[in-house]
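Bring the two chains, given one by one in their own frames, into a single complex with the hints.
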Amino acid sequence: MRRLHDIAHARTGDKGDTLTLSIFAYRPEDFLRLCDTATVARMKHHLQGIVAGEITRYELPRLDGLHFVCRQALKGGVNTSLALDTHGKSLSYAALSLPLEE
Amino acid sequence: MGSQAKTPLRIGGGAGFAGDRLEPALILVERGEIDYLILECLAERTVAIAQKDKLADPTRGYDGMLLRRMEMLLPAIAKRGVRIVTNAGAANPQAGAEAVAALARRLGLRLKIAAVLGDDVLAQITPDMMLDDGRRIRDLGELVSANAYLGAEALLQGLRTGADLVISGRVADPSLALAPLMHHYGWRGDDWRMMGRGTAIGHLLECGGQLTGGYFAEPGKKDVPDLAHLGFPYADVWADGRAIFGKAPQTGGRISLATTKEQLLYEVLDPSAYLTPDSSADFTSVALRDLGGDRVELSEGGGQTRPTHLKVSVGYRAGFIGEGEISYAGPGAEARARLAGDIVRERIGSEFDELRVDLIGADSTHGRFYGNRPEAYEARLRVAGRARDAATAARVGEEVEALYCNGPAAGGGARKHVREIIGVASTFIPRERVPSHCITIEA
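Protein chains in written order, with the working numbering: chain A, 1 to 102; chain B, 1001 to 1443.
Hints are not guaranteed to be accurate.
[Stated by the list, open to error] With a straight-line Cα cutoff of 16 Å, these simulated EDC-like cross-link-like pairs (lysine to aspartate or glutamate) come out: (1) B:Lys1416 <-> B:Asp1353; (2) A:Lys15 <-> B:Asp1128; (3) A:Lys75 <-> B:Asp1353; (4) A:Lys75 <-> B:Glu1325.
[Unchecked claim] Per the computed footprint, the stretches of chain B lying under chain A, defined by three or more beta-carbons under 8 Å from a beta-carbon of chain A, are: (5) 1190 to 1201; (6) 1286 to 1294; (7) 1361 to 1370; (8) 1377 to 1386; (9) 1418 to 1431.
The hints are simulated quantities; they were obtained by calculation from the structure and are not laboratory data. It should be emphasised that the depicted structure is a prediction, and the values quoted were computed from it without experimental measurement. Backbone N, C-alpha and C fix where the C-beta goes; we use that ideal spot for every residue, glycine too.
So here's chain B without its partners, still in its complex pose (with noise of 0.2 Å):
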């Protein structure tokens, strides 16, 4: 009853990966009467990726679509007083920050603008640290970058200048959210419970449209009205860590406590204890309520002390990988594609380690049938295969385009391409060794 007297903090979710949509995150801002804005954009390649553009450009390195997303946003956000906080800083903040800088100073906005810096910890990163998976450093390719995961704690500190824009490389999707409820409700970070409860409110919100009916939806069985209008969420915060989950009104999507169950175990390994830089956070104890209309109310959960160690991401150089694909189609099509497939892996398997031959519209995503076996109209041929040098993979793709003259009959639509593909791997590091500060820049 107390907490409810008082006027909760509003935080959107306005981006849920690096190549999320544009425009949820505009309605959020100028429908949605939200106080910060999260847009998490950094998947765990992403920053590898970034890594070598910055290698090649030294004011390059932050996401991709920063700009783009910022010219949209920043004529809202300083009209609204909206505040933003987002990872999109990829591999080289400092200079997303100061790309936004810039763009704002061309919009004739003024804006402060915070870079969190700290996350790069390459240069810690020796061929003897143990992976996670029992390997070490060292049986890893080249390295490309390693980032620790920052926690809440270092966006706080941007937060405290005063920043309208607070941008990062690496920290827990979550903290984007719990360090704006710190900085509000004073909580501190060795309050385990309220940690906790911030980071399930942060993982909620941090993949936008997943908690809506993104990623969601099934025809006659989980129906979701307008997805193609998928609004984003918010969440009501109090003080007590109570939150209601919303969406901005006028859009499309679903808000239910199916969307939300989903969202909250989503990529979660042990419920009772999801790891991040702020707490060892309780999923199992927290309690759902469905409000109707599109709100979902969030209570209890809480969590324990958080880990000693940072994961760090380590990114390495793993080859490249070619692909080719061809369809058949009409009487036949299964078994001409099938036999398209055992002559190429004859032609070419032994120059491959490992070459994967799939049947698009049969058994290419679980590599079998459950239930009755349809047969199928048509069938596309994929090959896939992974090599050290972009020559090698680029020969898959030749092979598949060369059936349309020397394979099965009726072979069309063949595409090839190659790519190279950057590993990652994770590794850990005491807390202490990565030390985070932030540096603004007016505009």
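If we strip away everything but chain A, and leave its shape as in the complex, we get (with noise of 0.2 Å):
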């Protein structure tokens, strides 16, 4: 099975208890495949259990990129979370494992 991963790369941000998540194409022919994979339902039934709250998609042609802000994606945030990772620095990676809508 083909994933997000194959075709894009992702980082992730903090901010409180919101995860900031851009995801970028390797290559600008991608970028449509790759707004038709990471929509934002996808996106929500994917990170289940992760983000608890809204996300909110921004499409940035410019940049083959998609970003989206993730609210109540952290546990409470950085300060007080029990998690391992409280800045949700390796959630990129769960984001790229979405499978690519064939």
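As structure tokens, this is what we get:
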């Protein structure tokens, strides 16, 4: 099974309990594929158990990328969370595990 | 064409967080031919932790690595005329400036140091103020600190004194680079287009090695050469806000479109309106071009009117977290580790509002598996719990350690620890209620 990991790279950041997640197609010609695969509905389903709140998607065609702002994603945030990865630094690779829309 | 004719201003990004590596900044100063060095040394909660130090000793409360950084950098910047702008003053920029001045004297250097003050707004915080998540100040525990994010204009006061080193507490990270650009080019604080462009440049520089291949590499897919000697970035910036990013010569790392794109959106909410005290910067209209040879050009981009209110980070005492870990390996490792976790939960679960049980090597980071589930050869149990007092929090580690003799077969390598947690929440305050000023110290 092919995954986003095959066509895209990603980085996460944290702002309080909000996770920011950007995903970029390696090749410009894969940008539309990325857009079709990483819909808000699919991301919400894929990241259930991680992201409890709303997910907003921004499209950045100049960067061949998508940017997601995920609320209530870090169990309260870096300071008070009991999680091991309190920043959510590792979550970019959870997102890249999303199967491609074939 | 016209803007290319003149020499650009070169700003280096020499630290991306409080604990960042020391050597890359020195390499930038010695080999990078930079005019300014910015050092971002202040995470959201760092100020609150430093405030605790200041309460214990009024001559402390600045970043714990400040003097180590400066001992390394001061002789080099004095020799080359590089100016430093840093937020490493943390909760006590004045004490930080005095400590650096004393260090400079000891090193036999004549330097002028400016401390930017005014971000501490704890006295203005009232219980009924709203937080950005809908709660109020009164819903938090005992407050430790409240610091408003100052902007480039506050740092500009320091630069105008001619200081070699400008040291502040809480300022917006991109402002560290925007201030030297305003100072050098005379950009006005209400020229929103230039404030937006300068903010994009500062945003890309302020995390140091995250622009040059740090937090990026994946063997075989996103290879970065010689990451062990990761070089930190600089930006050559022209008067119209066009910039070319590069990195110190003879260092490892890589600057490419991919590294730059990832960093441009890092920790950004709305990319068309990145809010700082200086502007509402638009990153969606930025144009990036790979020039080859670890050089990326940034052009266009812009911004809108800056916010009327400043963000305030409020630190509060949030209790203690206790943790314990123990490993199991070989046949049945995961089953034994899960049994161990169940035992700890049964023994002390009722003493905690929240007790978290993870299996490191299995599901501790994402809480589940994506894709085929491999059979783990070893599993490390981790249990964490939050409590009001340190003694209760310590129970977690004690019970995990006790699994040696009272748990499943062959548990080894137990570790335990307890730490106090400082929570951080955000509120807002009208900017006119946060006047900043600066003082200078001659060494």
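Evaluated hints:
Of the pairs offered as hints, the one joining lysine 1416 of chain B and aspartate 1353 of chain B is violated, with about 20 Å between alpha carbons and a cut-off of 16 Å exceeded. Restraint check for lysine 15 of chain A and aspartate 1128 of chain B: not satisfied, since their Cα atoms lie roughly 23 Å apart, outside the 16 Å limit. For the hint pairing lysine 75 of chain A with aspartate 1353 of chain B, the CA-to-CA distance comes to about 14 Å; that is within 16 Å, so the pair holds. Of the supplied pair hints, the one linking lysine 75 of chain A and glutamate 1325 of chain B is violated, its CA atoms being roughly 20 Å apart against a limit of 16 Å.
For the region 1190 to 1201 of chain B, the assignment as covered by chain A is violated, since 0 residues bring a beta-carbon within under 8 Å of that chain's beta-carbons and 3 are needed. With 3 residues carrying a beta carbon less than 8 Å from a beta carbon of chain A, the region 1286 to 1294 of chain B meets the three-residue requirement, and the given coverage holds. Using a Cβ-Cβ cut-off of 8 Å, 6 residues of the region 1361 to 1370 of chain B lie near chain A, which meets the minimum of three, so the contact claim holds. For the region 1377 to 1386 of chain B, the assignment as covered by chain A holds, since 4 residues bring a beta-carbon within under 8 Å of that chain's beta-carbons and 3 suffice.
Evaluation of the coverage hint for the region 1418 to 1431 of chain B: fulfilled, as 6 residues show C-beta separations to chain A shorter than 8 Å, against a requirement of three.
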